[in-house]
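Enquirer: Since the structure of chain A is provided, determine the placement of chain B on it from the hints.
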Amino acid sequence: MGVTKEDVEAAVAAALSPTHLVVTDTSGGCGASYEIEVVSDKFEGKRLLERHRMVNTALAPLMAEIHAVSIKALTPAQAQPKPQPEPAAAAADKPQA
Amino acid sequence: AAAEGGGVAAGMKDTLDKVVSAHKVVLFMKGTKDFPQCGFSHTVVQILRSLDVPFETLDVLANDALRQGLKDYSSWPTFPQLYIDGEFFGGCDITLEAYKSGELQETLEKAMCS
Numbered sequence: 002m003g004v005t006k007e008d009v010e011a012a013v014a015a016a017l018s019p020t021h022l023v024v025t026d027t028s029g030g031c032g033a034s035y036e037i038e039v040v041s042d043k044f045e046g047k048r049l050l051e052r053h054r055m056v057n058t059a060l061a062p063l064m065a066e067i068h069a070v071s072i073k074a075l076t077p078a079q080a081q082p083k084p085q086p087e088p089a090a091a092a093a094d095k096p097q098a
Numbered sequence: 056a057a058a059e060g061g062g063v064a065a066g067m068k069d070t071l072d073k074v075v076s077a078h079k080v081v082l083f084m085k086g087t088k089d090f091p092q093c094g095f096s097h098t099v100v101q102i103l104r105s106l107d108v109p110f111e112t113l114d115v116l117a118n119d120a121l122r123q124g125l126k127d128y129s130s131w132p133t134f135p136q137l138y139i140d141g142e143f144f145g146g147c148d149i150t151l152e153a154y155k156s157g158e159l160q161e162t163l164e165k166a167m168c169s
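Heads up: the protein sequence lines correspond to chains A and B, in order.
Residues in the first sequence are numbered consecutively from 2, following this note's numbering.
Residues in the second sequence are numbered consecutively from 56, following this note's numbering.
Hints were generated in silico from the structure; no laboratory data involved.
Each hint should be verified, as a subset may be incorrect.
[What the hints assert, rightly or not] Within a straight-line C-alpha distance of at most 30 angstroms, the following computed DSSO-like cross-link-like pairs (lysine-lysine) qualify:
no., chain 1, residue 1, chain 2, residue 2
1, A, 43, B, 88
2, B, 126, A, 47
3, A, 73, B, 88
4, B, 155, A, 6
5, B, 73, A, 6
6, A, 6, B, 85
7, A, 47, B, 155
[Said to hold, decoys possible] Here are the computed distance ranges between Cβ atoms for each label pair:
no., chain 1, residue 1, chain 2, residue 2, range
8, B, 158, A, 80, 15 to 25 angstroms
9, B, 122, A, 58, 15 to 25 angstroms
10, B, 92, A, 38, 21 to 31 angstroms
11, B, 118, A, 36, 22 to 32 angstroms
12, B, 116, A, 28, 36 to 46 angstroms
13, B, 116, A, 62, 37 to 47 angstroms
14, B, 118, A, 32, 18 to 28 angstroms
15, A, 38, B, 64, 28 to 38 angstroms
16, B, 122, A, 84, 38 to 48 angstroms
We treat Cβ as the ideally placed atom computed from N, Cα and C, and that holds for glycine.
Extracted from the complex, chain A is given alone in its bound form (with noise of 0.2 angstroms):
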């Protein structure tokens, strides 16, 4: 076999030292095909298409023998859960008069 997920875990974390990294197997028959979700503070100011270039960059060498990657790439405050709005519930669980 050619490249495998830990390939592509390790090419991504030497180019991008993320803070958190899930690299995924998804090939469906048709190759080698990778579903890769990064968060790295070097994404902060980079708009989307340089962000996708830079992982892509990580991935140049092992790219003729991949099918297809699909990549998530965040920084770090964008992977925070958004905090939750005021619960509704507490609105709700008052017994209407």
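Expert: The following block gives chain B in isolation, referenced to the frame of chain A:
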């Protein structure tokens, strides 16, 4: 064949310049509009259809030189590749995310009016 890693061959670059500026929206994909050969290409076709914009598609599976030339031209390693107003917009993930955020609609509107 073009030299490896030497960027885009001159003839290919001219041709691609013409193709991407000849139409407002051009999608280089695997398969055709009516018969996409890959889920990622299918997704982008569906998005463009839902937005009701006219778009041209070119099948990179039918032309190996085009397929290789485009990768160098866009510095983008995979397909589909979406071009709007002569400029590379992105692949499937970027297009999908931009569609969800409304940025794609905005870019397309701007292109249609330009």
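Enquirer: None of the hints should be skipped; say for each whether it holds.
Expert: Hint-by-hint comparison with the structure:
1. Restraint check for residue 43 of chain A and residue 88 of chain B: not satisfied, since their Cα atoms lie roughly 37 angstroms apart, outside the 30 angstroms limit.
2. For the hint linking residue 126 of chain B to residue 47 of chain A, the alpha-carbon distance of about 22 angstroms falls within 30 angstroms, and the restraint holds.
3. For the given pair, residue 73 of chain A sits about 26 angstroms from residue 88 of chain B by alpha-carbon distance, which is consistent with the 30 angstroms threshold.
4. A distance of roughly 29 angstroms separates the Cα atoms of residue 155 of chain B and residue 6 of chain A; the hinted pair therefore holds under the 30 angstroms criterion.
5. Under the criterion of a C-alpha separation no larger than 30 angstroms, the hint pairing residue 73 of chain B with residue 6 of chain A is inconsistent with the structure, at around 39 angstroms.
6. Using a Cα cut-off of 30 angstroms, the hinted pair residue 6 of chain A and residue 85 of chain B holds, with the two alpha carbons roughly 25 angstroms apart.
7. Among the hinted pairs, residue 47 of chain A with residue 155 of chain B is consistent with the structure: their alpha-carbon atoms are about 19 angstroms apart, no more than 30 angstroms.
8. At roughly 20 angstroms, the beta carbons of residue 158 of chain B and residue 80 of chain A sit within the given window of 15 to 25 angstroms.
9. For the pair residue 122 of chain B and residue 58 of chain A, the beta carbons lie near 20 angstroms from each other, so the given range of 15 to 25 angstroms is met.
10. Taken as a hint, the range 21 to 31 angstroms holds for the pair residue 92 of chain B and residue 38 of chain A, whose Cβ atoms sit roughly 26 angstroms apart.
11. A hinted range of 22 to 32 angstroms holds for the C-beta pair residue 118 of chain B and residue 36 of chain A, which are about 28 angstroms apart.
12. Roughly 19 angstroms separates the CB atoms of residue 116 of chain B and residue 28 of chain A, a value that falls outside the hinted 36 to 46 angstroms.
13. Our hint of 37 to 47 angstroms for residue 116 of chain B and residue 62 of chain A is violated, since their Cβ atoms are close to 24 angstroms apart.
14. The supplied range of 18 to 28 angstroms is met by residue 118 of chain B and residue 32 of chain A, whose beta-carbon atoms lie about 20 angstroms from each other.
15. In this structure the hint that residue 38 of chain A and residue 64 of chain B lie 28 to 38 angstroms apart at CB holds, the actual value being about 36 angstroms.
16. A C-beta distance of roughly 46 angstroms is found between residue 122 of chain B and residue 84 of chain A, which places it inside the suggested range of 38 to 48 angstroms.
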